[in-house]
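Position chains B and C relative to chain A; hints supplied.
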Amino acid sequence: MKNYTSIHDIDNIHSWIEEAKALKANPLKHIDLGKHKTLGLLFFNSSLRTRLSTQKAALNLGMDPIVMNVSGDAWGIEFGDGTVMNGNTAEHIKEAAAVVSQYCDIIAVRAFPTLTDKVKDESEHVLKSFVKYASVPIVNMESATGHPLQGLTDALTISEQTKKSKPKVVLSWAPHIKSLPHAVANSFVQSMQKMDVDFVITHPEGYELNPEITGNTAINYNQEEAFKNADFVYVKNWSSYNDYGKVLNTDPNWMITNKKLGDAKFMHCLPVRRNVIVEDAVLDGENSLVIEQANNRTYAAQLVLKKILENIK
Amino acid sequence: MKNYTSIHDIDNIHSWIEEAKALKANPLKHIDLGKHKTLGLLFFNSSLRTRLSTQKAALNLGMDPIVMNVSGDAWGIEFGDGTVMNGNTAEHIKEAAAVVSQYCDIIAVRAFPTLTDKVKDESEHVLKSFVKYASVPIVNMESATGHPLQGLTDALTISEQTKKSKPKVVLSWAPHIKSLPHAVANSFVQSMQKMDVDFVITHPEGYELNPEITGNTAINYNQEEAFKNADFVYVKNWSSYNDYGKVLNTDPNWMITNKKLGDAKFMHCLPVRRNVIVEDAVLDGENSLVIEQANNRTYAAQLVLKKILENIK
Amino acid sequence: MKNYTSIHDIDNIHSWIEEAKALKANPLKHIDLGKHKTLGLLFFNSSLRTRLSTQKAALNLGMDPIVMNVSGDAWGIEFGDGTVMNGNTAEHIKEAAAVVSQYCDIIAVRAFPTLTDKVKDESEHVLKSFVKYASVPIVNMESATGHPLQGLTDALTISEQTKKSKPKVVLSWAPHIKSLPHAVANSFVQSMQKMDVDFVITHPEGYELNPEITGNTAINYNQEEAFKNADFVYVKNWSSYNDYGKVLNTDPNWMITNKKLGDAKFMHCLPVRRNVIVEDAVLDGENSLVIEQANNRTYAAQLVLKKILENIK
Chain A
1 MKNYTSIHDI DNIHSWIEEA KALKANPLKH IDLGKHKTLG LLFFNSSLRT
51 RLSTQKAALN LGMDPIVMNV SGDAWGIEFG DGTVMNGNTA EHIKEAAAVV
101 SQYCDIIAVR AFPTLTDKVK DESEHVLKSF VKYASVPIVN MESATGHPLQ
151 GLTDALTISE QTKKSKPKVV LSWAPHIKSL PHAVANSFVQ SMQKMDVDFV
201 ITHPEGYELN PEITGNTAIN YNQEEAFKNA DFVYVKNWSS YNDYGKVLNT
251 DPNWMITNKK LGDAKFMHCL PVRRNVIVED AVLDGENSLV IEQANNRTYA
301 AQLVLKKILE NIK
Chain B
1 MKNYTSIHDI DNIHSWIEEA KALKANPLKH IDLGKHKTLG LLFFNSSLRT
51 RLSTQKAALN LGMDPIVMNV SGDAWGIEFG DGTVMNGNTA EHIKEAAAVV
101 SQYCDIIAVR AFPTLTDKVK DESEHVLKSF VKYASVPIVN MESATGHPLQ
151 GLTDALTISE QTKKSKPKVV LSWAPHIKSL PHAVANSFVQ SMQKMDVDFV
201 ITHPEGYELN PEITGNTAIN YNQEEAFKNA DFVYVKNWSS YNDYGKVLNT
251 DPNWMITNKK LGDAKFMHCL PVRRNVIVED AVLDGENSLV IEQANNRTYA
301 AQLVLKKILE NIK
Chain C
1 MKNYTSIHDI DNIHSWIEEA KALKANPLKH IDLGKHKTLG LLFFNSSLRT
51 RLSTQKAALN LGMDPIVMNV SGDAWGIEFG DGTVMNGNTA EHIKEAAAVV
101 SQYCDIIAVR AFPTLTDKVK DESEHVLKSF VKYASVPIVN MESATGHPLQ
151 GLTDALTISE QTKKSKPKVV LSWAPHIKSL PHAVANSFVQ SMQKMDVDFV
201 ITHPEGYELN PEITGNTAIN YNQEEAFKNA DFVYVKNWSS YNDYGKVLNT
251 DPNWMITNKK LGDAKFMHCL PVRRNVIVED AVLDGENSLV IEQANNRTYA
301 AQLVLKKILE NIK
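Chains as they are written, first to last, in this note's numbering: chain A, 1 to 313; chain B, 1 to 313; chain C, 1 to 313.
In isolation and in its complexed conformation, chain A is listed as follows:
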């Protein structure tokens, strides 16, 4: 594998999950694989789990992580082609990506969408520019439209936690006061589409995700119906895709409660707003998997880095 930019880079999710479980059982087994290799972690946006778990994953492989908050630490980066750079950006991505490639053996990038310019966001101009202009592999630490380290993590977590050969998994929208990206939801959908699960999405009308991603996945506007017999309920807010980036609905009836969940396991990528997205009782209860999901971020990242390192060698 050269780059890890989307769930589509996973050739066989079942074998990947088995490999991730093996790493989790023995995290330091490949401590020499990344020796004297650096992982550059470039953040255009805030990060807690991704920042820490990806560093931990790199350390488990013997790599040296180097973290940079691009906006605060370096220069404003220009992505336009042919731009006369007499404005606020001081360095072009063509140079930036090629330059960072001189110091880092792998570059991991986080760059959120604008949520105001759909065409720009869907072009994935930041991530794709790194892929295009860097001379080393690129890992997506959440881009405008995908968060494939999270999607892989979630598949691993469901595989570990399920008691059935084909569990029922529901992706549910939940209310939030701010306009949030579609990246986590998209990668979760793509990840579940590769898994042997009974998968359904539920959200209010008008909150359809990109139909090119959801494809044939069942959508049910009735949350209660969708939750029936669910084994896993994965919750996430996203802003409208059609009325791009808009918050059309903040109906608290979509908030997740223990009553709604029944025996289903609760999943969320975090951070999560308590008593807005989900009531306290769920997060504080036994059916919440959110901390184990966070734990699994390390092994998803470690697997991705391992596969890339093996390909470099």
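Honestly, I wouldn't trust all of these hints.
For chains that are exact copies, the list does not tell them apart, and a pair is met inside one copy or across any two.
Cross-link-like lysine to any residue pairs, in silico, SDA-like; alpha carbons within 25 Å at most [said to hold, decoys possible]:
id, residue 1, residue 2
1, LYS94, LYS260
2, LYS35, VAL67
3, LYS163, HIS30
4, LYS313, HIS30
5, LYS24, GLU310
6, LYS132, GLU292
7, LYS2, ILE291
8, LYS94, SER179
9, LYS228, VAL276
What the hints contain is simulated information worked out from the structure, not anything from laboratory work.
Just chains B and C now, kept in the frame of chain A:
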């Protein structure tokens, strides 16, 4: 030892000091103890000495330090119980602390007080929330009411520098233009109360520290009297405790001078405002121990990390 | 070598270049030299290449890099002598430099000029204060008037790329909308003065660099004439030195084009504003050396750190 949150976590300050001296004499002796273990350093506030010395201490034990400026790098953290999180905070401490525990074997936290809400500050809600919700040991890198890494450092420094079996140690308030916390003063008081020293506190009336901390320690409102025959003068500004967080006095007559000090050694945790807290001649003179105190921060932190690591194993 | 603060610290640029080439051929040869030694990287200003390449260089020598953005992470630093510190600065450089020396075996500092106060900038008060008050070696990661890691890099790059024993090297000013420092240009001039090259500087009248630095180096106000038969064209904007810090000229006719360059190699320290300093076609063409220059930053830094480490031992 599970956590190091206050001077009270020191079971025997004399044996700790001896151990710290041994580490200082041979800092790399335990280089394998922390191998493949990570120390997460979480800063809610600025830091120079603590930031660098704690990293150095971790490196001396073979640990991998991971630094995060919480506010700038990640999300606004909610500490309230039962809060409906529809405001500016995006992640609850319950998740944040549990999540960071997935990636770090020890978490060190710096979180200053508000100095406007005494009850909140005295509850130590940030530090105690980490202790409560993290699943790994917590180290206090200065909280609302204590700075026990500094307190341990200062005890070590006095032990190294004293020529008497029972030296006279004075804690003196000094003027400052801003409202400063009580944490350093509190931990120094608690630290000295465990030492075999003749200890007195001097400050203007109205600047009494928390009486639950000072207890039976002598207080003298006359700085000149207090300084008589002093071997060590530890200087620190703090805002009023009774009229909580207020700057009641900026009287330059309380500034420390060589004339006042006589032969006493000068100590301060730094940063220090020259010619406000203390005149240049003191800091530039031979009786200043401030740089050696800074040096000893490494070994105080290293001892604390060592004791925690030994307890994890 | 104790400190590396200017190109003048290079005793023999020819032997340094040979050593740097040897490091580049075998970057990990001295991996034990810096073991258990820390490099503190202190940034008062933004940095991409310097930040990453200097960390990479330290890692190649087995050192532990510790990065700090001084302004954001720590306290405002006072540089004045005898100041009554009742303003915005909370820590004096006398303490800060001595304190950091307790935790770091080498300190690297980046501190840009004000470009408004010529006397202050030329005094190099930040860099020189670190040299004066630190007890460990200091490396200049770009100061008010010099960027000697860049200058050494550029000499190495020209030495690698030249096909002639005495190539013609031109330093050309190019337009920019903002007021930029003289540091890179100064160090490049000093570096070329030590090399066996035919060296000429070209810029509009009024953009003369400090004559104490340019000395006898030829200056030609006619860019076209200066470029004749050039083998290397090194491009950089700087603000006026005489009318200190002012942008007197933004004439786009000084922008670098492929037509102007002919067969000459194009060099720039980066970041570079495309289509302001230089047209896209140059950077995207085969005669651009900018990425190789960035690569060589690692080996210039590694050589400097190696020489300092050898001197510490």
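#### Entry: Within, between, both or neither, where LYS94 and LYS260 count as close if Cα-Cα is 25 Å or less
Classified as between; 22 Å across copies, 50 Å inside a copy.
#### Entry: Intra/inter-copy verdict for LYS132 and GLU292 if alpha-carbon distance must be at most 25 Å
between (35 Å within a copy, 18 Å between copies)
### Task
Since the copies are identical, ignore which copy is meant and state whether LYS94 and SER179 lie within 25 Å (CA to CA) inside a copy, between copies, both or neither.
Cα proximity of LYS94 and SER179: across copies only (24 Å, versus 30 Å in one copy).
### Query
Should LYS2 paired with ILE291 be assigned to within, between, both, or neither, using CA atoms and 25 Å as the limit?
between (30 Å within a copy, 21 Å between copies)
### Query
Quick one: LYS313 to HIS30, C-alpha cut-off 25 Å, is that within a copy, between copies, both, or neither?
Close inside one copy (13 Å) and across copies (22 Å); limit 25 Å.
### Query
Is it within, between, both, or neither for LYS228 and VAL276, if the alpha carbons may be no more than 25 Å apart?
within (22 Å within a copy, 62 Å between copies)
### Task
Give the relationship of LYS35 and VAL67 under a CA distance limit of 25 Å: within one copy only, between copies only, both, or neither.
both (17 Å within a copy, 21 Å between copies)
### Task
Measure nothing new, just compare the shortest in-copy and cross-copy C-alpha distances for LYS24 and GLU310 to 25 Å and report within, between, both or neither.
both (18 Å within a copy, 24 Å between copies)
### Query
For LYS163 vs HIS30, is the C-alpha pair at or below 25 Å within one copy, between two copies, both, or neither?
For LYS163 and HIS30, the Cα distance exceeds 25 Å both inside one copy (30 Å) and across copies (45 Å).
Figure legend: structure checked against the earlier numbered hints; the only hint not met is number 3.
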